[in-house]
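If you're matching them up, the sequences are chains A and B in order.
According to this note's numbering, the first sequence is numbered sequentially starting from 60.
According to this note's numbering, the second sequence is numbered sequentially starting from 6.
If you're looking for bench data, these hints aren't it; they were derived computationally from the structure.
Hints are not guaranteed to be accurate.
Stated by the list, open to error - The calculated EDC-like cross-link candidates involving lysine to aspartate or glutamate, where the alpha carbons are at most 20 Å apart (straight line), are:
| hint | chain 1 | residue 1 | chain 2 | residue 2 |
| --- | --- | --- | --- | --- |
| 1 | B | 140 | A | 371 |
| 2 | B | 181 | A | 371 |
| 3 | B | 140 | A | 255 |
| 4 | B | 278 | B | 44 |
| 5 | B | 151 | A | 266 |
| 6 | A | 369 | B | 182 |
| 7 | B | 134 | A | 255 |
| 8 | B | 151 | A | 255 |
| 9 | B | 134 | A | 251 |
| 10 | B | 281 | B | 292 |
| 11 | B | 140 | A | 266 |
| 12 | B | 156 | A | 266 |
Keep in mind it's a predicted model, so treat the numbers as computed, not measured.
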Amino acid sequence: MGTSSKALTNSSEFVRDRLRGRRFDTTGFLFRVLLLGTLFITLLLLTTLIFDVVSGGWSVLSTRLGSFLTGKLSISATTAGISQGLRGTFFIGLFVVLIAFPLGVGAAIYLEEYASRSRLSRIIDVNIRNLAGVPSVVYGLLGFAIFVKALRFITGPQSNGATVISAGLTLAILVLPIVIITSAEALRAVPDSLREAGFGVGATRWEVVRSHVLPYAGPGILTGTVLSLARALGEAAPLILVGATTGFLSEGAGYSLSSLQERFTAMPIVIYTWAGRPQEGFRSATSAAIVVLLVVVLLANTVAILLRNKYEKRR
Amino acid sequence: MSPEARVKSNRDSSRVANPRLEIKRSPSDVPLTDVEDVEVFGVQDLSVYYGSFRAIRNVNMTVNQRQITSFIGPSGCGKTTLLRCFNRMNDLVEIARVDGKIMYHGVDLYHPEVNAVEVRRRIGMVFQKPNPFPKSIYDNITFGPKIAGIKGSMEEIVERSLRRAALWDEVKDRLKDSAMGLSGGQQQRLCIARALAVDPEVILMDEPCSALDPIATGRIEDLMEEIKSEYTIVIVTHNMQQAARVSDMCAFFTAEVNETSDTRTGILVEFDKTEKMFSNPSDERTENYVTGRFG
Ligand SMILES: Nc1ncnc2c1ncn2[C@@H]1O[C@H](COP(=O)(O)OP(=O)(O)O)[C@@H](O)[C@H]1O
Ligand SMILES: [Mg+2]
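The task is simple: from the sequences and hints, build the whole structure.
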């Protein structure tokens, strides 16, 4: 009967039975184990790598860190230092920050906030994505043709154009598409309701972009650009093509403006050259140089995170 | 007074600096008695397209000063689309195109010489989902006046706007706190205060209470009653009791299936005094809708 069966299915006994059924979710559990496994493998690889370079370079880092950082390149592994490599890497980073960041962020703002969604803008969009996938050697060839050869009179006539200016410009171009893409993505993540709120009180596009869109997208843009900076600092192939060297470096190459037109080297080149040396001593020197480069990149990332946190707190 | 002259008097800068009550008493303005019939918007044969899709067609209506006009109708009949034409917010939708005219005090809003930014300074908007800027309560209010170049004490503007939006007492001790920490109802009242801060003539509201609980909704309805003597309000609402409670005029829209394609185009079915719309509508479709037999 209707009423009795209803009474039956509503009895607390029955409900309790139903609710209690804690079947083991096998696929869910396996999936979770699988995900955990991928994370574990990734972390394992990273820690192995870091452990390997730190332990390999420990003899250098623990005994003569100061002279290693300030010393010059040398054929003697026990006295060799990386100051010239750090100098080159510093200037390359500077070029990327001063050239690729403003250009890339500006282009992204134009594409996302101003350009109409025409066929042309879609074509440009796709091509920027393609550019980001072009191998870095190709950018090296481009840099060689443009900055080392064609613009030699600017980049360094005495050094045949193989200078840190050429290298910095080449790597700035290399990361430009990445900067544009990551910035554009950060801008796309800004909710339209925020733009509408601005337009709704009578703001112009520029006022909306400046006061609302950029502050909102800022942390995302910052994260993307700093990641691209890390990429630029680690590139070796394009530097080889634009003529980075570890020999014949001028004695005085420091941080002055005129020194920009002299022959140069950078951390990845130092690492690459030392790794090819047969002497035992250079093994640990190579590892130590890698550790220093990692620390530099980590520092850049830390600065970005600190800036981002400062920004986000103001939201 | 000619329409052009009225627009001028509305532009009078003293209007911006002084509280509105003073202006109403000023001799140059309209006497309160004939206020009712001053036309603010005249919609003439308006159709709106998104690409080749026609969202609404051939709408004709007028919106009068210092009245609340409500738009009701089933989802997708183009209420939001029409509302967003009143302050050219649809300009932001690239594929949107307008056919026909919307006259604002006799000026065609879509005339090439009309600046959409200027339009939006005069005709404010409150959106369906509360969308305060992710900044402080204070900055939310002052952004509009600052970019409009309004002189005078920002503190005063903030207090006046928040008082009008019935939010002052709740937030006066935490003006520097982020607006994101407010409740949904408070956020929506902040958005109303933000719209009031630039001293617009018209406020467009697109289902302003749809994300709010009944108490918050009640406060916003009270607030609309309160400010209606000074502003012209157009409100889209899904809530028919709300339309009946707050509005003077009511427009019922519905969507008609097109013969040639599988799309639906919104039309204005009936536009009349709210009282009449809910007690004795002329169109059967209106009657079915307001009595809940449809949609
Ligand atoms: N930005 C847009 N692009 C394309 N179509 C749209 C857009 N906005 C609204 N529409 C379409 O226009 C019609 C009317 O929508 P809308 O004005 O939002 O109706 P309502 O507010 O009455 O629910 C719908 O069919 C909707 O899909
Ligand atoms: Mg709507």
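Just pull the numbers of the violated hints for me, sorted ascending. none
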